[in-house]
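Q: Model the full structure from these sequences, guided by the hints.
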Amino acid sequence: LQDSVLGPNSVGFGVSLPPHMGGFQMVFASDRLVVQNEDILGLNSVDLLAADNSVDFCVADAQYLKSMSRDRSDKVQYRGQTVKSRPLGIWALTVKECQLAFAKMRHNGAFVFRFGWRGIGSADVHPSGEQVNPSLLAKYQEEEEWYRALTHWLFSVLKSLFRTLRPFKSEYVHQADVSFYMVCRNFDRNKYELYNWEEKLQRAFDELFGCEDEAALVAGIKGSV
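Just add 2 to the spot in the sequence shown (first one is 1) and you have the working numbering.
Treat each hint with caution, since some may be false.
[Stated by the list, open to error] Under the rule of at most 20 angstroms between Cα atoms (straight-line distance), these lysine to aspartate or glutamate pairs were calculated in the EDC-like manner:
1) 202 <-> 54
2) 106 <-> 147
3) 106 <-> 195
4) 202 <-> 49
5) 193 <-> 54
6) 202 <-> 179
7) 106 <-> 173
The set of hints was computed from the structure by calculation and includes no laboratory data.
A: So, in structure tokens, the structure goes:
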């Protein structure tokens, strides 16, 4: 916690998948940082230690570790909740991060989350100039239609609840990675409560979590964004 930015009385709350479920060991500890060792996919806002309408700044940087299981040893295999459609795992996680963060966020608060988008231009070349692996490119093209529809839906939600949205991409690290950070500022808590966004996001999460047909899921979204 940086006192120069957040003040000497600031405290932090976090959620991290415990190691016995395939998560990582914590490498930082502070009396002012409280971390719940839980599977975030199974949490609701009432399960979090932070009070509603109390958080000024939230960072959502979780990864759906089920999608990374082939690169990890058997000792740390993911044992958390699993969505029915593997490609939708990161989407269910992102919506859950939004749902929990917004429930706790103060008016005019800020939200930063990791997102991946392949951008425009030549589809077989990374922004770094590196060629995309053919098998990965085939996967991108197969997912493009529903991925784009869900992206439009997510950003329409964010645009309605935050005054400013800005992307951030490091100039020095992970240049070949398609992910970046989206910085959302000036949260409108009045609009969030007025239009019952916690319930709407929970419903969206439930649909993503239980979906087996991505195309059918986004059919209704495409005509409304």
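Q: None of the hints should be skipped; say for each whether it holds.
A: Each hint tested on the structure:
For a cut-off of 20 angstroms, the pair hint linking residue 202 to residue 54 stands: about 17 angstroms separates their Cα positions. A hinted pair counts as satisfied when its Cα atoms are at most 20 angstroms apart, and residue 106 with residue 147 does not qualify at roughly 33 angstroms. The straight-line distance between the Cα atoms of residue 106 and residue 195 is roughly 12 angstroms, inside the 20 angstroms bound, and the hint therefore holds. The suggested pairing of residue 202 with residue 49 holds, with an alpha-carbon distance near 18 angstroms, which does not exceed 20 angstroms.
Taken as a hint, the residue 193 and residue 54 pair is honoured in the structure, with Cα atoms around 15 angstroms apart against an allowance of 20 angstroms. A hinted pair counts as satisfied when its Cα atoms are at most 20 angstroms apart, and residue 202 with residue 179 does not qualify at roughly 31 angstroms. Pair hint residue 106 plus residue 173 does not hold up; C-alpha atoms about 32 angstroms apart against a cutoff of 20 angstroms.
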